[in-house]
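Model the full assembly from the supplied sequences, consistent with the hints where possible.
2 protein chains.
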Amino acid sequence: MSAEQAAELIQDGMIVGMSGFTRAGEAKAVPLALAQRAHEKPFSITLMTGASLGNDLDAKLTEAKVLARRMPFQVDSTLRKAINAGEVMFIDQHLSETVELLRNKQLGKMDVAVIEACAITEEGGIVPTTSVGNSASYAILADKVIIELNLASPAGLEGLHDIYIPQMRPNRQPIPVVAPDSRIGTPYIPIDASKIAAIVITEGKDSPSNVLPADSETQAIADHLIRFFKEEIDAGRLTESLLPLQAGIGTMANAVMEGLIEGPFDRLTMYSEVLQDSTFDLLDSGKLTFASGSSITLSPKRNDQVMRELDKYRNRLILRPQELSNHPGIVRRLGIIAINTALEADIYGNVNSTHVCGTRMMNGIGGSGDFARNSQLSIFVTKSIAKGGDISSFVPFVSHVDHTEHDVDILVSEQGLADLRGLAPRERARVIIDNCVAPLYRPALNRYFAEACARGGHTPHCLEKALSWHQALNTEGNMRSLLAE
Amino acid sequence: MSAEQAAELIQDGMIVGMSGFTRAGEAKAVPLALAQRAHEKPFSITLMTGASLGNDLDAKLTEAKVLARRMPFQVDSTLRKAINAGEVMFIDQHLSETVELLRNKQLGKMDVAVIEACAITEEGGIVPTTSVGNSASYAILADKVIIELNLASPAGLEGLHDIYIPQMRPNRQPIPVVAPDSRIGTPYIPIDASKIAAIVITEGKDSPSNVLPADSETQAIADHLIRFFKEEIDAGRLTESLLPLQAGIGTMANAVMEGLIEGPFDRLTMYSEVLQDSTFDLLDSGKLTFASGSSITLSPKRNDQVMRELDKYRNRLILRPQELSNHPGIVRRLGIIAINTALEADIYGNVNSTHVCGTRMMNGIGGSGDFARNSQLSIFVTKSIAKGGDISSFVPFVSHVDHTEHDVDILVSEQGLADLRGLAPRERARVIIDNCVAPLYRPALNRYFAEACARGGHTPHCLEKALSWHQALNTEGNMRSLLAE
Ligand SMILES: CC(C)(COP(=O)(O)OP(=O)(O)OC[C@H]1O[C@@H](n2cnc3c(N)ncnc32)[C@H](O)[C@@H]1OP(=O)(O)O)[C@@H](O)C(=O)NCCC(=O)NCCS
Ligand SMILES: CC(C)(COP(=O)(O)OP(=O)(O)OC[C@H]1O[C@@H](n2cnc3c(N)ncnc32)[C@H](O)[C@@H]1OP(=O)(O)O)[C@@H](O)C(=O)NCCC(=O)NCCS
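Those protein sequence lines, which keep their order, are chains A and B.
When the letters of the first sequence are read in order and numbered with the UniProt record's numbering, they come out as residues 1 to 485.
When the letters of the second sequence are read in order and numbered with the UniProt record's numbering, they come out as residues 1 to 485.
Honestly, the hints are just simulated from the structure, not real lab data.
Partial list, computed: chain B residues near chain A (C-beta under 10 Å):
| no. | residue |
| --- | --- |
| 1 | Gly236 |
| 2 | Phe397 |
| 3 | His461 |
Fair warning: this is a prediction, and the values are worked out from it, not measured in the lab.
No residue lacks a Cβ here, since even glycine has one placed at the ideal position from N, Cα and C.
Shown next as structure tokens:
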């Protein structure tokens with residue numbers, strides 16, 4: 001069937017689920033056909049995906065005004081503008097929760113799922129491509145399924161996936177993942193073949209990752225963290241295998257993972273969301289024995305090599321539904337080391353990962369909450385300043401809270417590392433200001449903290465100044481007026 | 001051994017763990033002896049408990065300046081003052097996490113554990129009294145153990161407890177709790193008898209609960225929630241057994257639970273922290289088939305009856321370590337309905353449970369985060385106003401975030417119920433203002449929201465006014481100036 005014909009199954013007001021997670025494995029043809037049609041004949045839908053889409057699909061769907069509601073994550077600048085203008089209702093969710101809510105009928109009934117596949121088994125089982133995301137549950141829960149059979153996808157993908165669907169609650173058995181390499185399901189998504197309403201042949205490619213090479217600040221962050229891991233090994237709190245590692249998407253997490261190639265580490269494992277270039281560098285180095293994720297997103301060169309040589313990695317990789325890769329119970333059970341990026345943090349260690357100046361959505365909370373809350377060691381990294389020093393990423397009071405101080409064990413900037421474990425708020429502030437804050441902004445934060453402490457409280461604040469740094473940024477375009485005070 | 005002699009095992013600078021959870025089953029003699037000694041010869045310690053202590057022990061230890069550091073929870077007004085003055089370093093923790101951190105050596109080494117017991121088995125196994133809390137892991141991880149053998153505790157307590165200790169990570173097997181009535185461990189705390197350094201005979205009583213009878217607002221909150229449960233049954237999202245229930249401590253949660261006695265509910269279960277009067281009323285009514293908790297805290301009259309007739313309840317009760325009662329993975333697996341109390345909420349549904357005006361600690365986050373994050377349905381209740389209307393419990397921007405909007409499905413005040421599932425921030429604000437806010441403060445919040453929306457953003461705010469309600473409360477003693485604007 002043509003993409004246009006298949007897209008006719010999707011009508012105004014419907015709830016539609018699509019494959020796609022961190023620019024990997026998204027349905028490519030049907031969304032384009034939808035955008036095309038909407039330009040001629042307007043309609044809108046609720047679109048749920050795994051996470052972000054590649055190939056500018058969110059931009060194209062936004063421009064065509066197809067998106068009335070969008071969840072649970074995005075990273076597109078056009079869609080971001082529409083969200084912040086209040087034009088698209090964006091429901092920012094913990095990535096492990098979306099299908100749980102859908103299964104419990106708390107998000108309505110899914111009409112159509114559109115899933116990219118590299119193969120269909122004889123019984124109608126769908127073999128996903130470079131991501132699993134929420135595809136399995138979307139296909140199972142939707143009334144109708146459209147499959148985009150991507151003929152350009154490497155044959156070697158078959159067998160990498162491990163599809164397991166938790167039972168309905170309250171009668172759910174424990175999910176039997178006990179290590180990153182636990183295989184507990186099937187290598188395909190088992191659905192009733194009669195639900196397959198259309199098969200569309202495609203051959204589009206995933207968008208490459210946009211991770212940048214480490215700059216000197218990013219490298220300094222990685223170095224602080226590598227040193228910390230060594231100290232933890234010396235203190236007997238970690239072994240040379242550390243613990244299963246989760247690393248958020250992006251340049252900083254990638255640089256930290258690269259840093260593990262050198263140093264006294266061995267038999268490392270990953271239990272993460274997205275497998276990036278650094279994952280394969282670590283596998284190639286022999287330091288990493290196994291990597292579990294929900295998607296593979298690589299630079300163009302790495303992608304060509306990995307997809308060609310998948311057999312080389314076959315026994316050391318699993319792709320899981322994001323409900324499993326991010327599952328609170330499994331993250332807690334495995335005792336993960338979680339490394340995620342903060343947009344800003346406050347002096348008490350509360351973290352904002354999503355809202356610029358408390359109001360404008362950047363991307364979404366993604367999986368960071370799933371991991372940070374339940375990990376054995378929750379690490380957040382950020383550069384101490386942004387926009388050449390116009391912005392301090394350490395502020396008196398974060399303008400939005402995604403991760404409360406309870407869920408932040410370690411904060412790292414290029415300035416240094418703050419070990420917050422077992423500390424009370426006043427102690428946390430001291431350690432954060434002394435170790436992480438840029439020298440430029442340190443005196444101003446010290447002044448704020450001293451004045452707040454003089455007023456008292458478990459978590460001292462001067463409420464009338466708590467958000468003044470963000471107010472300055474909003475009105476003056478920078479926080480430099482705070483330096484003068 | 002006398003309490004004074006046993007207390008000599010505890011010396012300046014030590015890390016000490018004690019039994020006690022929501023005023024139930026705390027060690028009673030040794031803490032008093034410590035306070036006594038410190039009045040004569042000052043010293044201080046780090047004190048970890050399960051949760052709050054009864055018998056004014058936290059007050060007495062604070063007055064004697066025994067507490068240098070205190071975790072993970074408290075409810076005492078004298079200790080609260082010392083915490084807010086910065087005199088006691090209070091580490092407010094998710095109640096499921098304390099022993100996990102201790103086990104991983106992230107909180108130092110525990111020197112001495114002091115555990116109230118109703119019996120000691122021949123092999124040195126400790127049978128706790130009315131709470132389990134963190135007692136099991138404290139006894140296992142401490143260098144030395146002091147047992148307070150309470151001769152006044154009812155014999156019927158033996159057999160109620162189910163002690164299970166999760167394995168060390170990363171090689172942990174799934175914890176096999178699959179229902180509130182799963183028994184997976186031993187009825188006593190298994191420790192090496194050679195570690196028992198002292199046995200002190202006591203006969204003190206637990207403090208009774210201080211839950212008040214429902215007032216008309218509390219009753220209205222309960223009524224809204226019962227109506228909501230009925231609607232969820234009608235919509236096919238819940239059955240008449242609902243889901244395993246967790247109810248926070250306090251008057252409001254108790255009133256909601258009482259409300260379940262009438263109405264179309266049957267074969268209810270609880271998977272909660274503290275079992276209150278309402279739990280036993282529900283058991284007596286036949287509506288509740290099983291209750292799992294970490295402690296029993298009752299009014300004086302109910303306590304006499306329950307402790308006398310424990311045999312009657314024996315097959316329908318389990319007391320577990322708080323690491324299990326609050327375990328993120330188990331809460332997620334069972335699909336719990338979590339009902340907790342907010343101090344204040346903002347128009348987007350972020351909840352503050354701990355900090356008055358963002359600075360002064362009330363009690364602590366307790367188990368609310370363990371449950372709210374991982375439940376199938378996370379409900380927060382609060383009266384719409386406090387102090388006779390001087391305070392609106394719904395504000396533009398909470399002065400402290402304990403639970404982010406992602407973790408709050410339903411908000412209820414005496415005014416009504418806001419169902420926030422699947423809504424974007426701007427939609428959440430509309431539903432919260434219309435349904436939960438007191439009529440007195442509704443126009444002011446509508447003004448704020450309208451002005452914020454005019455400025456834009458995914459989560460619109462006027463930063464310079466966001467905390468003005470709390471500033472007014474701090475400087476003028478009330479929020480009434482906001483009404484005039
Ligand atoms: C937090 C997050 C936005 C950081 O992104 P990043 O690309 O690694 O970080 P950068 O330092 O490059 O910052 C991105 C932008 O924000 C700006 N920025 C950084 N700190 C800022 C601050 N405190 N205030 C305002 N803007 C800030 C940067 O200047 C940059 O702007 P630009 O795009 O105009 O150049 C990103 O990690 C994220 O979306 N996290 C949430 C989801 C998540 O954690 N997922 C992990 C599991 S996959
Ligand atoms: C939030 C919490 C403090 C509410 O306690 P509560 O006793 O049920 O609620 P009340 O309405 O009686 O309020 C308690 C006090 O706070 C005051 N208060 C209520 N809302 C307030 C607000 N928004 N701002 C300032 N003070 C407020 C009340 O006036 C009352 O003051 P008083 O003690 O001087 O009379 C309590 O539930 C708590 O500590 N929760 C956190 C731990 C938790 O949730 N555990 C659950 C798992 S056990």
